[in-house]
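Q: Each chain, written out:
Protein chains: 2
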Amino acid sequence: MSSSPETKEREEGLSFQPNFDASGLVTCVATDAATGVVLMVAHMNDEALRKTIATGEAWYFSRSRNALWRKGESSGHTQRVIEMRMDCDQDAIWIRVEQTGAACHTGRKSCFYRKIESTDGTTRLSFIDADRLFDPAQIYRK
Amino acid sequence: MSSSPETKEREEGLSFQPNFDASGLVTCVATDAATGVVLMVAHMNDEALRKTIATGEAWYFSRSRNALWRKGESSGHTQRVIEMRMDCDQDAIWIRVEQTGAACHTGRKSCFYRKIESTDGTTRLSFIDADRLFDPAQIYRK
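Protein sequence lines correspond, in order, to chains A and B.
Numbered per the numbering used here, the first sequence spans residues 9 to 150.
Numbered per the numbering used here, the second sequence spans residues 9 to 150.
Accuracy of the hints is not assured; some may be wrong.
Same chains, same names: a pair is fine if it fits in one copy or spans any two.
[To be verified] Straight-line C-alpha distance at most 30 angstroms; calculated DSBU-like pairs for lysine-lysine:
id	residue 1	residue 2
1	Lys59	Lys16
2	Lys16	Lys123
3	Lys59	Lys123
Calculated directly from the structure, the hints in this document are not laboratory data.
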C-alpha cells in the first residue's frame with residue numbers, strides 16, 4: 009500500500025485538515041461521554057465544525073433542512089463537548105458529549121433505539137433502550 | 009414538526025428499511041463492544057449490510073476502491089458483530105464489535121488516534137491512544 013506525501017501528512021501529521029466531501033461535509037459521531045452509547049450520527053460543514061470548536065457546544069449541518077443547526081436550539085437538548093477526535097483520513101469526527109435530555113428528535117436518549125435482528129433469513133428491528141424522555145409533539149410544536 | 013406516514017413507519021416501525029443515499033450507501037459506526045471506543049466510521053451498501061447480517065462479520069463498501077470489502081480480509085483484523093442497531097431515519101448503523109487486532113489501516117486500534125485541540129484560535133491535532141499494534145508496511149505489502 010503506497011501513500012502520497014499528502015496522504016501521509018493527513019494521516020500522520022498534526023495539522024487540522026478536515027477532508028470535506030463534495031457537499032462540504034464531514035461525518036460526526038456523538039457518543040455519551042459517561043456511557044459510551046452512540047447518541048447520533050450527523051454532519052458538520054466548515055462553519056459547524058468551527059462553531060463547535062469555538063463554543064464547546066455541538067453544531068451540525070442539516071442536509072434535509074440545508075441549514076446550520078445548534079444542537080438543542082429548538083428542544084433545549086444541547087450537547088457539551090468533552091473531547092473531540094479526528095479520524096485517520098480526516099473525514100470523520102468523533103465527539104464525546106454530555107447530553108442534556110435526549111439526542112434524538114423522537115424523544116429517545118439515542119437515535120439507535122432499535123436492534124437489527126435476523127431469524128430464518130428475515131431481518132427485522134426490535135426496540136431497545138427506546139423509552140422516550142420527551143414527547144416530540146410538545147417540544148417541536150409550531 | 010409534521011411527519012408523513014412513511015417517515016412515521018421508518019422511525020417507529022419494526023420493518024428493516026435501510027435508507028440508502030444516492031450512492032447506495034448507509035453510514036456505519038463500529039465501536040469496541042468491551043470499551044465503547046469508536047473504532048471507525050465506514051459505509052455499507054446493500055450487499056455489505058446483508059453479508060454482515062448473514063455472517064456476523066463486518067463487511068463494508070469502500071468508496072475509494074469502489075468495492076465490497078470484508079473487514080480484515082487483507083490484515084486478518086476482522087470484526088465480530090456483537091450487536092447491530094439502526095438509527096431513527098434508518099440511514100446509519102451502529103455495530104458493537106469484537107475487534108481482532110487493530111481497526112485502522114495505519115496500525116492503530118481505532119482510527120480516532122488524534123484529538124482536536126484549539127488554543128488562541130489555532131486548531132491543531134495531538135496524538136492520543138496512537139500506539140501501533142502492527143506495521144502497515146508489513147501487513148499490506150504486495
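Q: Is it within a copy, between copies, both, or neither that the alpha carbon of Lys59 lies no farther than 30 angstroms from that of Lys16?
A: within (28 angstroms within a copy, 32 angstroms between copies)
Q: At 30 angstroms max between alpha carbons, let me know whether Lys16 reaches Lys123 within a copy, between copies, both or neither.
A: between (38 angstroms within a copy, 17 angstroms between copies)
Q: Between Lys59 and Lys123, at a C-alpha cutoff of 30 angstroms, which is it: within one copy, between copies, both, or neither?
A: The answer is between: 17 angstroms across copies meets 30 angstroms, while 33 angstroms in one copy does not.
When the structure is compared with the earlier hints, no violation turns up for any of them.
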